[in-house]
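Quick mapping for you: the protein sequence lines, in order, are chains F and X.
Heads up: the first sequence begins at 1 in this note's numbering, then just goes up one per residue.
Heads up: the second sequence begins at 1001 in this note's numbering, then just goes up one per residue.
Hints are supplied without guarantee of correctness; some may be wrong.
[To be verified] Pair by pair, the computed Cβ-Cβ distance ranges are:
| id | chain 1 | residue 1 | chain 2 | residue 2 | range |
| --- | --- | --- | --- | --- | --- |
| 1 | X | E1058 | F | S378 | 24 to 30 Å |
| 2 | F | D40 | X | G1041 | 41 to 47 Å |
| 3 | X | E1003 | F | L23 | 56 to 62 Å |
| 4 | F | G232 | X | E1003 | 50 to 56 Å |
Please keep in mind that the hints were generated in silico from the structure rather than gathered at the bench.
Computed from a predicted structure; not experimentally measured.
Even glycine gets a Cβ: it sits at the ideal position worked out from N, Cα and C.
Listed below, chain by chain, are the residues.
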Amino acid sequence: MLNTKSAAIRARDNLISQKVTTLLPSGIRKFFDLLSSVEDIISLSIGEPDFITPWHIREAGIYSLEKGYTMYTSNSGMPELRQELASYLELRYGVSYHPEHEILITAGSSEGLDLALRAIINPGDEVIIPDPCYVAYPADVILAGGVPILVPTNEENNFVVRATDIEARITKQTKAILLGYPANPTGAVMSQKEAAAIAELAKKHNLLVISDEIYARLVYGAEHICFPSLPGMRERTILISGFSKSHAMTGWRIGYVAADRRFVQALTKIHQYTMLSAPTMTQMAAIEALRNGDSDVEKMVQEYNRRRRFMVKRLNEIGLPCFEPKGAFFTFPSIKATRMNSEEFAEKLLLEEKVAVVPGTAFGPCGEGFVRCCYATSLSSIEEALKRMDRFVKKVG
Amino acid sequence: MKEVFEILEQNARATPEQISTMVDKPVSEVEKIIKQAEKDGTILRYKTIINWPKLRDEDIRALIEVRVAPQRDVGFDAIAERIYQFPEVYSAYVVSGTYDLAILVKGKNMQEISSFVTEKLAPLERVQSTVTHFLLKRYKENGEIFHLPKETNRRLPITL
Chain F
1 MLNTKSAAIR ARDNLISQKV TTLLPSGIRK FFDLLSSVED IISLSIGEPD
51 FITPWHIREA GIYSLEKGYT MYTSNSGMPE LRQELASYLE LRYGVSYHPE
101 HEILITAGSS EGLDLALRAI INPGDEVIIP DPCYVAYPAD VILAGGVPIL
151 VPTNEENNFV VRATDIEARI TKQTKAILLG YPANPTGAVM SQKEAAAIAE
201 LAKKHNLLVI SDEIYARLVY GAEHICFPSL PGMRERTILI SGFSKSHAMT
251 GWRIGYVAAD RRFVQALTKI HQYTMLSAPT MTQMAAIEAL RNGDSDVEKM
301 VQEYNRRRRF MVKRLNEIGL PCFEPKGAFF TFPSIKATRM NSEEFAEKLL
351 LEEKVAVVPG TAFGPCGEGF VRCCYATSLS SIEEALKRMD RFVKKVG
Chain X
1001 MKEVFEILEQ NARATPEQIS TMVDKPVSEV EKIIKQAEKD GTILRYKTII
1051 NWPKLRDEDI RALIEVRVAP QRDVGFDAIA ERIYQFPEVY SAYVVSGTYD
1101 LAILVKGKNM QEISSFVTEK LAPLERVQST VTHFLLKRYK ENGEIFHLPK
1151 ETNRRLPITL
């Protein structure tokens, strides 16, 4: 008899886990669907470079296939690549990692983040995350069995999380602080002073820091602070990064984790049971990127910087005030003057002017009143998009 | 300053206002740089890249290797000038290797180019020999790739 089914059996009837069912906020899902139904849009909502991977890097990938490098590599990744990365991190940020024991090559930095969280979280452990943040942070914490604790950030502090705000949320359950600077969606960059204050806090409360530095190379007139390079932080930081943003290699899925060996050992355990190894062709391309790709990065950064200045200036001119983002490739203008909420604004702008931006609320409650505009798209598209946004703001204002 | 020229080289129609924002310098300074460069020959001319094959109205082009006898005091300069003054010649270089001048010429048809070679170029006093290579297909010129498939957007409309 159907209605006498026990609760346990009913729960089993829902074939998808509860954790997964509740993941993505429904508002964003709706916006995604709407977006794919409108044609000929100008999209400022794409979070990846518009450049194609530089040819010499693509060519290295092709060469590896030609030569038949089609097998697994060691779980940790090719020794040459780990060696290159160790030298790179030492040279650029002054942090040394043992290439054999302290670097793990992952399939994109996303894998690294997932591994790091799964390796450290016990059920119920809390991970502190600035709000707004990259969408995967809270989701990955939940999937790993942890509890994301969001710390609000705001425009007044250029969306950099303050140590005092973090400290107010530390409990017995707090395990780690998850940082992503330069930041998606705000473009915020952390200063030496701000980072040092958080480092002190981590030491004081014996917390780990997971530092997602995927946008490290995309900074404009600001210095990137590599978190493990701060005094005493190498031992308690799991550094996550990759090639997607710096070398325009999103589709290759290649990233890395660098940390003290006890962490890398733990992450490698999960990696060997789930991913085995990052794609071989991709690892060969990454070696080429590290050996000969620096001038490409500089060229792309220069180009992003021109577009960034252009977009920030225009946004401020058309009445969508925007603090100066010094990293990544996003601007995060306030849309409060339009008296619409973020989702309304994004939806109307899409339908009326065919310009796509991402509602700030996609990245957490503190994103309300803001939208994310990406400038990793051609200057002519940015110009046209801003012309339309100007018209839109005038119409609704 | 270099950045102003880099931007103009990519897009000759970039306005001083746009450039000023991109390089974070006052408009007046950008205007001054451009004016000065136009005056002193740093900026020679503003041209447009036309994809002629698209109009099915393409010139015939040839690369000609020229061996010449250099002259005392002026080296290759005098004979090079005699050659590059011809309007058929659109690029000319002195090169190292088995020949001396590499010139690129264009004409309406093959006939035009062969008469240029046989009637004008080869009879020049200091020209010893020529080898003409007709260009069969243009792939890339001055950094521009021709015959590219129509630009398709490979990116998803939204990624977070």
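Each hint, compared with the structure:
As the Cβ distance of E1058(X) to S378(F) is approximately 28 Å, the hint placing it in 24 to 30 Å holds. At about 44 Å, the CB distance of D40(F) to G1041(X) agrees with the hint of 41 to 47 Å. Checking the proposed 56 to 62 Å range against E1003(X) and L23(F) shows it is violated: the Cβ atoms sit about 44 Å from each other. Between G232(F) and E1003(X) the CB atoms are about 40 Å apart, so this pair departs from the stated range of 50 to 56 Å.
Checked against the numbered hints given earlier, the structure breaks hints 3, 4 and satisfies all the rest.
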